[in-house]
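Number of protein chains: 2
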Amino acid sequence: MQLLNEAIIRHGRLLGQDIIKVDSFLNHRVDTRLLAAMGHALADYFKASSPTVVLTVESSGIALAAMTAYALGGLPMVFAKKSVTVVQSDDMVYAPVYSFTHKNQNVIRVDKRYIEKESRVLIIDDFLADGQAAEGLLLLCQKLEAEVVGVGIAIEKDFMRGGRRLRENGVHLKSLAVILSVQDGVITLQND
Amino acid sequence: MQLLNEAIIRHGRLLGQDIIKVDSFLNHRVDTRLLAAMGHALADYFKASSPTVVLTVESSGIALAAMTAYALGGLPMVFAKKSVTVVQSDDMVYAPVYSFTHKNQNVIRVDKRYIEKESRVLIIDDFLADGQAAEGLLLLCQKLEAEVVGVGIAIEKDFMRGGRRLRENGVHLKSLAVILSVQDGVITLQND
Chain L
642 MQLLNEAIIR HGRLLGQDII KVDSFLNHRV DTRLLAAMGH ALADYFKASS PTVVLTVESS
702 GIALAAMTAY ALGGLPMVFA KKSVTVVQSD DMVYAPVYSF THKNQNVIRV DKRYIEKESR
762 VLIIDDFLAD GQAAEGLLLL CQKLEAEVVG VGIAIEKDFM RGGRRLRENG VHLKSLAVIL
822 SVQDGVITLQ ND
Chain W
642 MQLLNEAIIR HGRLLGQDII KVDSFLNHRV DTRLLAAMGH ALADYFKASS PTVVLTVESS
702 GIALAAMTAY ALGGLPMVFA KKSVTVVQSD DMVYAPVYSF THKNQNVIRV DKRYIEKESR
762 VLIIDDFLAD GQAAEGLLLL CQKLEAEVVG VGIAIEKDFM RGGRRLRENG VHLKSLAVIL
822 SVQDGVITLQ ND
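Going down the list, the sequences are from chains L and W. Each residue of the first sequence is one higher than the last, beginning at 642 in my numbering. Each residue of the second sequence is one higher than the last, beginning at 642 in my numbering.
Keep in mind the hints are simulated off the structure, nothing from the lab. Note that the Cβ used here is the ideal one computed from N, Cα and C, for glycine as well. Don't take every hint at face value.
List time: in silico DSS-like cross-link candidates among lysine-lysine, alpha-carbon distance up to 30 Å [stated by the list, open to error]: (1) L:Lys662 <-> W:Lys758; (2) L:Lys722 <-> W:Lys815; (3) W:Lys753 <-> W:Lys784; (4) L:Lys722 <-> W:Lys723.
Just the calculated beta-carbon pair ranges, DEER-fashion [claimed, not checked]: (5) L:Gln746 <-> W:Ser691: 39 to 49 Å; (6) W:Asp659 <-> L:Ser822: 51 to 61 Å; (7) L:Ile660 <-> W:Gln658: 40 to 50 Å; (8) L:Ser822 <-> W:Gln746: 38 to 48 Å; (9) W:Thr829 <-> L:Phe741: 29 to 39 Å; (10) L:Leu656 <-> W:Ser690: 33 to 43 Å; (11) W:Lys815 <-> L:Lys815: 19 to 29 Å; (12) L:Arg654 <-> W:Glu786: 42 to 52 Å; (13) W:Ile650 <-> L:Asp731: 19 to 29 Å; (14) W:Asp731 <-> L:Tyr739: 27 to 37 Å; (15) W:Gly826 <-> L:Asp732: 13 to 23 Å.
Just chain L, same shape as in the assembly (with noise of 0.2 Å):
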């Protein structure tokens, strides 16, 4: 998506070796043009899917999935909560999310009557590195008994993996921008 690696190539702050920072458009500061025009091409992009409800995890997946299901004809957006330990509930469906980032192991969970068996789930998500929170999210429609058709991400580091995995697993992954590599200060990324 042309607006999105103009942002990157633009805004996006490096850290050391392999981190980049785009904590000014996309996961701190907002910028609202540009997330409804993401929320609106995963919309285009995966409405042949027939998604019912749109599931992502706090926090900073929330915007980017509220936009995505109101572009979707205003389907129902579920976050998935995460707290350092389990709150035992049969209420709730739980998986494990370990944070590269953070250096630290959550749990994440989402109440069962807010997605139900069957459901057609669209997982939105504003990154994906190492898979992580991809595949805890996935691992709770699993428990749930629902259908993931298709996994929608704003940025892919293609380096980490996380996107080759789930490929091979047979995901409908769709992301928005795909950076393949960072070396000596120079972003790379995937041609749209």
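Given chain L's structure and the hints, the job is docking chain W onto it.
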């Protein structure tokens, strides 16, 4: 706001004496049509105050803040980040927020680059009860030397007095729905 009042009466669940769960349409599963309607209502209400940026705090304020900012012509939306400890950085401003729900003290923070001095800030949140989150966001704006032009809320619990305190302090506050009382399983809302 009629649509929101109806959703509270129809889908709000009472827990104990005065806890109202609205997680089926507002802060776990989100009704994105209602969300867009709320965003437009807050944008219409505050557009005369000419905000230049929308500020909220993760997580459950993000979707509404994004919709409101987009409806205000694509303003940037900033969400303050929450953590248990202060991650010291000169780039950030901090404020303490005590959560009565979770009975813990958090610190919220915003990167100084993303809300410039003299910005006209519209604060948005999903809930206003005791007012701790709103007061934390007001303190951040004070530290950033930004002007708060208003505070827009989806649901205010009048009996928790946070809203009264803000109004008494001269804050321009608009809540789309106001819960006056919850007694013996009956929710009483302020009329539009």
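Now for the hints, and whether the structure bears them out:
no.: 1; hint: L:Lys662 <-> W:Lys758; in the structure: 23 Å, holds
no.: 2; hint: L:Lys722 <-> W:Lys815; in the structure: 28 Å, holds
no.: 3; hint: W:Lys753 <-> W:Lys784; in the structure: 9 Å, holds
no.: 4; hint: L:Lys722 <-> W:Lys723; in the structure: 14 Å, holds
no.: 5; hint: L:Gln746 <-> W:Ser691: 39 to 49 Å; in the structure: 45 Å, holds
no.: 6; hint: W:Asp659 <-> L:Ser822: 51 to 61 Å; in the structure: 55 Å, holds
no.: 7; hint: L:Ile660 <-> W:Gln658: 40 to 50 Å; in the structure: 48 Å, holds
no.: 8; hint: L:Ser822 <-> W:Gln746: 38 to 48 Å; in the structure: 42 Å, holds
no.: 9; hint: W:Thr829 <-> L:Phe741: 29 to 39 Å; in the structure: 49 Å, violated
no.: 10; hint: L:Leu656 <-> W:Ser690: 33 to 43 Å; in the structure: 37 Å, holds
no.: 11; hint: W:Lys815 <-> L:Lys815: 19 to 29 Å; in the structure: 38 Å, violated
no.: 12; hint: L:Arg654 <-> W:Glu786: 42 to 52 Å; in the structure: 24 Å, violated
no.: 13; hint: W:Ile650 <-> L:Asp731: 19 to 29 Å; in the structure: 27 Å, holds
no.: 14; hint: W:Asp731 <-> L:Tyr739: 27 to 37 Å; in the structure: 30 Å, holds
no.: 15; hint: W:Gly826 <-> L:Asp732: 13 to 23 Å; in the structure: 20 Å, holds
Checked against the numbered hints given earlier, the structure breaks hints 9, 11, 12 and satisfies all the rest.
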